[in-house]
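Number of protein chains: 2
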Amino acid sequence: MDNIEVTPNQDRELSVVGKPIPKLDAAQKAMGRAEYIQDIKLPGMLYGKILYSKFANANIVKIDTSKAKALAGVHAVLTGEDVPKKMKMGFIKDNPPIKKGRVSSFRDEVAAVAAISLDIAKKALDLIEIEYEELEGIFDPEKAMEKDSPLVHEHLKSNVLKMPWNIHYGDVEKAEKESAFVVEDKFTTTWVTHCCMGTSGAIALFDAADNLTIYSNTQIPSLAQKDFLESLKAMGLENKRARVIKPIIGGGFGSKLDTYAYEHIAILLAHKCKKPVKIMFDRVEEFNATSTRQPTVIYIKQGCDKNGRLTFRDMRMVLDNGAHTSWGATTPSVMLMPISSLYKVENVKYNAKCVYTNNTYSQAMRGYGNPQATFAIESSMDILAEKAGMDRIEFRKINKNQSGDETPQGLKITSCGLEECIDAVKEELKFDNNSEKGVGTGIASLIHVGGGARIYGSDGCGAILKMDDYGKVDIFTGGTDMGQGLDNITAQIVAEELGLLAEDINVVHSDTDVCPWDVGAHASRSTFVAGNAALGAAKKVKKKIQEFASKILDVPAKDIKFKDRNVFFPGDPEKSMPIGKLLRKAHFSPNGTMLMAENFYDPDNRNMGKDLKGNMSMTYSFGAHGVKVKVDEETGKVEVLEYVAAHDVGRAINPLLLEGQVYGGVVMGLGYALTEEVVHQNGKNMNANFRDYKLFTAKDAVKIKAPVIETIDKDGPFGAKGIGEPGCVPTAPAVANAIYDAVGVRIKDLPITPEKVLAALKEKKGD
Amino acid sequence: MDNIEVTPNQDRELSVVGKPIPKLDAAQKAMGRAEYIQDIKLPGMLYGKILYSKFANANIVKIDTSKAKALAGVHAVLTGEDVPKKMKMGFIKDNPPIKKGRVSSFRDEVAAVAAISLDIAKKALDLIEIEYEELEGIFDPEKAMEKDSPLVHEHLKSNVLKMPWNIHYGDVEKAEKESAFVVEDKFTTTWVTHCCMGTSGAIALFDAADNLTIYSNTQIPSLAQKDFLESLKAMGLENKRARVIKPIIGGGFGSKLDTYAYEHIAILLAHKCKKPVKIMFDRVEEFNATSTRQPTVIYIKQGCDKNGRLTFRDMRMVLDNGAHTSWGATTPSVMLMPISSLYKVENVKYNAKCVYTNNTYSQAMRGYGNPQATFAIESSMDILAEKAGMDRIEFRKINKNQSGDETPQGLKITSCGLEECIDAVKEELKFDNNSEKGVGTGIASLIHVGGGARIYGSDGCGAILKMDDYGKVDIFTGGTDMGQGLDNITAQIVAEELGLLAEDINVVHSDTDVCPWDVGAHASRSTFVAGNAALGAAKKVKKKIQEFASKILDVPAKDIKFKDRNVFFPGDPEKSMPIGKLLRKAHFSPNGTMLMAENFYDPDNRNMGKDLKGNMSMTYSFGAHGVKVKVDEETGKVEVLEYVAAHDVGRAINPLLLEGQVYGGVVMGLGYALTEEVVHQNGKNMNANFRDYKLFTAKDAVKIKAPVIETIDKDGPFGAKGIGEPGCVPTAPAVANAIYDAVGVRIKDLPITPEKVLAALKEKKGD
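Protein chains in written order, with the numbering used here: chain F, 710 to 1476; chain A, 710 to 1476.
Bound conformation, chain F alone (with noise of 0.2 Å):
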């Protein structure tokens, strides 16, 4: 344990920080009062509905909108041909929101309607009569590689991306040949979704001047910002605004950290119509019509000496792109991290292609390839420990990660608990103690960003604070709460810093016109980005504070301290006064002033360059789950008795949210370790709805214990790092570890249906 601080209150006594306070909107939630985009009415507010391909591909050979425009109610109808040429969405811009010509997917928009009631533009939907000439479709990546498929865009005369997913750090050839064990496997990963309960939409309006205004569930109010800048200007309207407000949102999971067509279809309606336009998405929808993870085909071959120690790492990956590209095609960017840096491996190759198919297009979604690639690595990892015949947590220990390490890819590993985790779980979960039958227990480790991740030229996010004559704040910040609770991690931030209470301080947040830019909610980064943010202001606010309190009462300002609502002046309790009476006099004094205060932060990552190296985060979170499972072996079917999951999170700034976040990523990797799977048929969703959908529920609860480390992070706001996303990722792993040491059968497909279990046990038993 070098360099490494496990002291919970490091320097100093927290008063909120570190306190397990409720949810500061938990009470305006559950008693229905928080206002969701669906909630929200506009004044002469139109319905938008939007018209999918009947095939996964096809040439459209004609659209008749006649009968449609003529339905009494309906405001407009918009094929392909109404979108202006340049409006094109995802990371390379190769997907209009109405398609025209051709579709490559099911999910392909080909008219869209806005209408006065959703009934009517339902209706109108109906009355569009289009005629197809279906195409034969491309709906496996690798055989969309060959060279001789389909191809989805034709101009394009290639199937695969051309992106440059493909390192080689050291020298993995020779570290194999010199290598005493090697292991080498395939495995596989399909398409998962978030399942927000509150689905996708957004609501769109202009202005007299064109400027617009949307509602949109999104985790990314700056950026989509520029996107509908961006359509705005493929419209003519150039040089004007849009403001995006962004409701209270019910999940977002990496769902919403792209703009889609039913917002910039809504856009172009609420232009055309002249009134407000929604489009809401409804269940079906929301699982036909937004993105899933990447499905992933993994090659992966490791080594290590005599003494464990590993020698090299060797990937290879095909991503099922869908018919268009989104973010989730820079998946293979974070991939590269627990790649190149979980646990200790000097010699690494990595070669990703992202593949267009007919499916569905996917994206982001919590961990971002990072649980796909965790899948392949530790459970090779476990494959790898029982060729060299070690045991499998002396095996991760001897590789693991430490404080002062710089990994191949150039990480910069600061404040790391890799070990202590592993240490946790080891105690928690009592690993070579299972003799009841099909019972097994499984463990597989984590690294994640924890200190923001720099994939656009700014990872920063602003913050502006003011204080009001009670001694109240309102800060207003770029950080984006989708539900995780990062207003309330801004609030205690705040509130510690500036001696109050988290219920003094108001979060203003996510609409463009007041709030400050933040290039989103999503690689974990929020408590430590936003968190700064905040924190950055605070400071500067305290600063005022002090400096106006040194002249009060007559001690340097340096020495004031701040608590329970007071500054004061710990040697001497006559020295001492209320915050706001303090703020009243300062304002109330001549040329007198209100506290505000403005700050910015961007983190001091860097952006990988085309060597794909660089240290992309300020920090980064650790975590080990270990899970007891016992195996039905006449079913197949997998209980999960007991799970533990450890998490450095630097420090534990709320530890009710932070369980929040453990519990709710356990339970989503859970989901995709054993159930969950939207089923693909030739590009077709079959089980849109969640009942044929298996998504863990309350049913399926499961005893999680999530013992806290605290490395206390020299960087981040208290010490904090970011824990959003780490809960999903060694999930898979550590279940299907498990489920070998129960019962001897390695699964390399998730999800890990009883069928595959059973389907392998028959296998094994020679059946």
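Incorrect hints may have been included.
A pair counts as met if it fits within one copy or between any two copies, since identical chains are not told apart.
What the hints assert, rightly or not - Straight-line distance between alpha carbons at most 20 Å, and here's what the computed DMTMM-like set of lysine to aspartate or glutamate pairs gives:
| id | residue 1 | residue 2 |
| --- | --- | --- |
| 1 | K1267 | D1281 |
| 2 | K728 | D991 |
| 3 | K1290 | D1178 |
| 4 | K1146 | D1114 |
| 5 | K1096 | D894 |
| 6 | K949 | D734 |
| 7 | K852 | E1472 |
| 8 | K1294 | D1263 |
| 9 | K1290 | E947 |
| 10 | K1248 | D1273 |
| 11 | K935 | E1212 |
| 12 | K732 | D919 |
Think of the hints as simulated: they come from the structure by calculation, not from any bench.
Position chain A against the provided structure of chain F, taking the given hints into account.
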């Protein structure tokens, strides 16, 4: 013209300031899209309605609300018993929002209901049974001062408010003795009211933690917040938040400078019902239950020496306070200004008494007492000039205020264009050419605060400014736009400073969660104070941009200029860059930043002390009005033929809005002079409708010329001074003087109705 700069564009070429840019929200308003409080409907909202007293003065013997409570759809019925003891309104907190035991005016609130519809709420009011014991009322303030007058508030032992309006600068008695000419008169003014097109209203709601949000048509979001927090405290809700949101307002004119019963009752009802409660006044309520301008009885004596120099001014006033006390009771503090400082006069005496009566209670109204005082002063000036045998214009010029003066009250006259205003009026209106029968001309001048007015501990305003990646600005201002166009002024000032267009500036205003503190939209202070606050924020951002541009363009920061959305170095056309591009460079560079700034501006003016001396404003606005009237000697009807309103405005930030302010002020002043009167009979409003309350309307439109004198005030933003109120200040005396000039009768009682003119003409003719 000593030390006056009458240079329109003094020191730099201006691109945006000085331009007649139409209101940025004009199209929205014209298209019916602007959201007034009338348009706001919240989910689950109830409708509140107030029951008023049936008598001007009575004991409440019994209230029975049982039938009202039993009515289906009624959620709450409140009486005075339900109002917490400490919940009081007004300047001296003498007014509970619902009265208990005793009513003192027809406007007194006796009960309130909240119901699911307005109809049910009205029906419920009808079901409330009240038994009154009527008492003798007192309706004449001078009679109310008599010893055995009935007492409006018995516990006070007197109807005269204990307020300090009693000054004596110099030695009036001595000066009177030494005067060559002395005149003495009595003037009277009556109730007039604001007639805002948008009636009053509020919507209150509480969140689950008992924090209040209130939408209200207020001119004082920050001070209203303070009042509401006090009400919450009285309700036992300590340490809560009160968020005040001001929707788009349809006119203020001082009517919204206090908080009122309907707001506090909405709060009580919302808390009781746990739902949003909206109370909206209809037009009859707006007439009956909002506050008027103070009726005044004015005794004035003034004199001059043989050269026409004013020697003294001695004024005494009785103000009808009505049954309760709002800010109206403090209007003598502003009356002091013209009394002590309109024209040079060394010896000044003033005594004012505010007197309780059983009339409606009065409040602030455009000019805040100045129109009443100036009516007496400027009428008396003509009387005195005539007595001294002097030309009335020459007489005024002899006594003119000048830059550099310090008046007996301690007002420091900096920029001063009074003489230029008088000359402009003289130039535009041929004064000595009235040969036509019944035609006459009149002139009157004004002084008003033009650089803030310190009536509270702080006269400040805060502004927060942020810029985005596209060169657009969001500015959050404390300043309140109530229709006068402050948002435009703010946008133009910021755009000018940053080389942008007005449309690039988005002004976010009047939500206390977001906007910094401001003392309110009164005293013609907003352009000066909120303008300086915004300008200061823009200057801070400008400096940062210059520093960054200096590095990029490689020229000294101070030489970087801003224009047409570009920064440039004047010497070299190559050294130029769009501001948006520069901002993106600043943002996307290592340790990038987004530009934000906050600024609090509190003018360097003084609160008057107990001696009622002090420089209450940073600068003063001056003006002179001239009018030509025709009096029909058969009917007494006065027709306004021509009107000239010349104002020293420092700088016209937006000449179009300036004209609007002046035209609107003059028309309001003409109503005050000739037609407007809230007719009260024993405390009862007899003309609560637009048929009988004779507002000047479009059909009464008068030709108005508005010469603008720009004196480029050294402290004003781009040299500007306030011009919100002056337009209506000298109108009545100018008209009265013109009538005297036309037909030789002097009317000393406003409004100057045909009846009064005819009676005076008859009296003059000896009929």
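For which of the previously enumerated hints does the structure constitute a violation, in increasing order of number? Hints 2, 4, 7 are the ones this structure does not satisfy, whereas the remaining hints hold.
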